[in-house]
Amino acid sequence: MNVPILRMLDITKDFSGVRALDGVSLEVARGEVHAICGENGAGKSTLMKVLSGVYGHGTYGGVIEFEAEEASFRSINDSEAKGIVIIHQELALSPYLSIAENIFLGNERARNGVVDWNKTNLEASALLARVGLRESPATRVLELGVGKQQLVEIAKALSKRVKLLILDEPTAALNDEDSEHLLNLLEHLREQGVTSIIISHKLKEIRRIADRVTIIRDGKSIETIDMHGPDATESRIIRSMVGRELTSMFPPRKPEIGEEIFRVENWSVYHPVDHTRRVVDGASFHVRAGEIVGFAGLMGAGRTELAMSIFGRLYGRNISGTVYKHGKPIDVHTVEAAIANGLAYATEDRKRYGLNLIGNITVNVSAAALSKLARWGVIDRHREYKVAESYRERMNIKAPGVDAITGKLSGGNQQKVVLSKWIFSGPDILILDEPTRGIDVGAKYEIYGIINELAAQGKAVIVISSELPELLGLSDRIYAISEGRITGEVPREEADQEVLMHYMTAGKD
Amino acid sequence: MSTDTTLKPTPKAPPRKSPINLRQYGLLAALVIIVALFQFLTNGRLLMPGNVNNLIQQNAYVLILAIGMVIVIIAGHIDLSVGSVVAMVGAVTAIAMNNWGLPWWAAVILGLLLGAVVGAWQGFWIAFVEIPAFIVTLAGMLLFRGLTLVLLTGGTISGLPAPFTAIGAGWLPPVFGEVAQRDSLTLLIGIVASAALVLQLIRTRKTLQRLDLPREPVSSFGIKAAGAVIGIMALAWLLAGYNGTPIILIILAVLILVYTFVLNRTVFGRHIYAMGGNLFAAEMSGVKTKWVNFLIFVNIGVLSGLAGVVSTARAGGAVASAGQNYELDAIAAVFIGGAAVQGGIGTIIGAVIGGLVMGVLNMGLSILSVDAAWQMAIKGLVLLLAVAFDIFNKRRSGGR
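So the protein sequences, as listed, match chains U and V.
Heads up: the first sequence runs through residues 61 to 569, numbered per this note's numbering.
Heads up: the second sequence runs through residues 677 to 1076, numbered per this note's numbering.
Keep in mind the hints are simulated off the structure, nothing from the lab.
Please note that the accuracy of each hint is not assured.
Stated by the list, open to error - Cross-link-like lysine-lysine pairs, in silico, DSS-like; alpha carbons within 25 Å at most:
#1 LYS264(U) to LYS280(U)
#2 LYS966(V) to LYS432(U)
#3 LYS142(U) to LYS109(U)
#4 LYS411(U) to LYS468(U)
#5 LYS411(U) to LYS966(V)
#6 LYS109(U) to LYS179(U)
#7 LYS220(U) to LYS179(U)
#8 LYS280(U) to LYS446(U)
#9 LYS142(U) to LYS220(U)
#10 LYS280(U) to LYS468(U)
#11 LYS223(U) to LYS109(U)
#12 LYS411(U) to LYS964(V)
#13 LYS385(U) to LYS446(U)
#14 LYS264(U) to LYS142(U)
#15 LYS280(U) to LYS411(U)
#16 LYS446(U) to LYS1055(V)
#17 LYS882(V) to LYS385(U)
#18 LYS900(V) to LYS432(U)
The structure displayed is predicted, hence computed values, not measured ones.
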């Protein structure tokens, strides 16, 4: 190999005191497909944002060399001018504009501010042929599926004379057929001399397409493996991804597990917009009284979709399957029915879905169980106050009082308000989706204590988490999900990060 | 997180002073200042008994509509159709009495029912078909205005029965005679209302004390109570010196009390605030958001019906052009009253005070014989400034 197209040396990046990247180095050879692999939150996306200038020169430490020249990008425009194009997970196309208009958006084929439509459509057609998309350039983007939209994004990148194409989890939202097409296209572009970086969780994909893979863990680059070499196995990559000690502390707990309370059988859910995508595929699982069951899965595996489709059909369409409580089928068609049947779901996005941020602690705590506090539709506000106050004390919510506005609390305290709300609703089954996301260590420990206490009261607790150490520290049993299917069930004694990661990256056969 | 360290993690918080609600008091202060200003500019004519009486009777419709509108706006919607509904209900009640020979009370009930039906119609499209309220009520504005024109092809209907017009333009009979040449019933009502208010204030304060909740300092509490009593008694004194208590004032007082209770104390009211604050969170907490939306629009339909009855009664007849721009007056009152454009925030009393600010402006400018065109321009500026002040306040306090 000759001079690498890209060298990133000893990159560090801090976010208000938290080190997200800690001396990452990456070398990408000209004309290769280079994969970047790592757990959720390992720092992959941050690294790509540094590279593309989203975090401009001067906000990070270390050196970037592109085409043997030191680069100091201050914005995406700078990096694109040099031929680096990043395609994000959330596609950034304007749905009501045509394919051709999108391809040349901000880069219009125009003379004196007047668009030259012939040139636009002609060049767009040529680009579409290159990415293998058989659509008219005049088609509006909203008529395309996600897979085809991704191809439009790539065509757009090609129109900018891309030298280094970065794809952030390009197949996460695609069905099998579209993924296959995309991988073929990447191989094709490689033949044409385009270098690409692909961020992916899917090991099968990486093995198929990548020439080399760099593994990032906890903000550090661990190693770069040559995928054409002899030791390029999936288990080698997995070991590299998870080889970490359990650093978080967990409060002690003695599980007392009773009868089965909750059972879901053969649960399938389709994507609300893309009807061909099965987001959850025949999932079956159960939880016993006093048991904490973890759900492990990488981003986009379908964990949240599974939970939200069960809790009052908040997600998806064409939902099928049965939910049992104490062996009897129960109605969970609406949120009220689910709550009435003893379910509670604390969302992963508490600011968007979990809290009334302009309301105070009291109204948030009582929100899911107002009927308990009311008589003839009139709220007993003194009792409501006492309830909120008791939760503030019990959960140690740090606020001047229960009349404090929740939007002004810290993440950990907001999460305690969400948990208070659901505990007050008196559930038998609690589904906690990423209960410690964006929360500092001290508050995490407290929330683990609350989860343990709920289990000790004989409730069935489901914890969905991206952090494997958290699941291993909390759970009595862990289900692994991959591409909408439950791919593994591991009891606590047999669980470790490698075993889970195997199941979590298991693709379809 | 760093913000935590500044807050005390107290299991038992010491009694604290509640931060004074600047917006609410600021609004009241603005009303007092505007009244004082016009009192000065008009050489004391603004607060002459007859004018105070007219202020109430002329603005009753805005206040009634503002009560319905603030609920709609808290929930994150808007209703542009209320003016047309006022006109249509006015037309139907007038026709019912003059052409169909219905007694006045049956016509009133019919008017309220018609309002409810209109509200259910619009609520259906908004809540269950999920068409934005802006569109549905814009359509309603045209639809009901059109129907009113159809109903009143024969022209204006006048000559309505006296008991009916009394709703908008009548007074309680002087059953207790006069004291010092003033209606004693009105004075008695003033005394009873003052006493009830003071008792209620004291009760609330005691409860707060018992629960160790934040409460305002004694001094400001005293000033507040004294101010309220003086205000009520001054109003009673002025009205007693004219024709006594307008019937519509009693209706308004009942509406204010009932709807304040509904919004503050009932599950339904709480659901409205929850939906305005975060619709997703409300839905995920099990609030039947569709039904709440539906009922909100049925409610404003009924209140629009009442406003239709009141304004027809006040005018003494039904005309096709009745209720023009009423929706804009009501919306302006609500926003001057401190409701948030994004929903989730607003109070009945705020909307009522907002409506009074508009009313005093109207009356003051009219007494000064300011041109109607300029009156409109001034009202527009006041609305803009009130909301700008609100947004400025929020930014300063670090909210969004």
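Hints versus structure:
1. LYS264(U) to LYS280(U): 23 Å, holds
2. LYS966(V) to LYS432(U): Roughly 21 Å between the alpha carbons, so the hint for LYS966(V) and LYS432(U) holds.
3. LYS142(U) to LYS109(U): Cα-Cα ~15 Å, so holds.
4. LYS411(U) to LYS468(U): Given that 25 Å is the threshold and the Cα spacing comes to 11 Å, the pair holds.
5. LYS411(U) to LYS966(V): 22 Å, holds
6. LYS109(U) to LYS179(U): Distance ~33 Å between LYS109(U) and LYS179(U) Cα, so the pair is violated.
7. LYS220(U) to LYS179(U): 15 Å, holds
8. LYS280(U) to LYS446(U): At roughly 48 Å apart (the allowed maximum being 25 Å), LYS446(U) and LYS280(U) break the hint.
9. LYS142(U) to LYS220(U): Since the Cα atoms of LYS142(U) and LYS220(U) sit roughly 10 Å apart, the hinted pair holds (cutoff 25 Å).
10. LYS280(U) to LYS468(U): This hinted pair is violated, its Cα atoms lying about 34 Å apart.
11. LYS223(U) to LYS109(U): 17 Å, holds
12. LYS411(U) to LYS964(V): 20 Å, holds
13. LYS385(U) to LYS446(U): 31 Å, violated
14. LYS264(U) to LYS142(U): 32 Å, violated
15. LYS280(U) to LYS411(U): Given that 25 Å is the threshold and the Cα spacing comes to 30 Å, the pair is violated.
16. LYS446(U) to LYS1055(V): 45 Å, violated
17. LYS882(V) to LYS385(U): 46 Å, violated
18. LYS900(V) to LYS432(U): 35 Å, violated
The structure does not agree with the numbered hints 6, 8, 10, 13, 14, 15, 16, 17, 18 stated previously, though it agrees with the rest.
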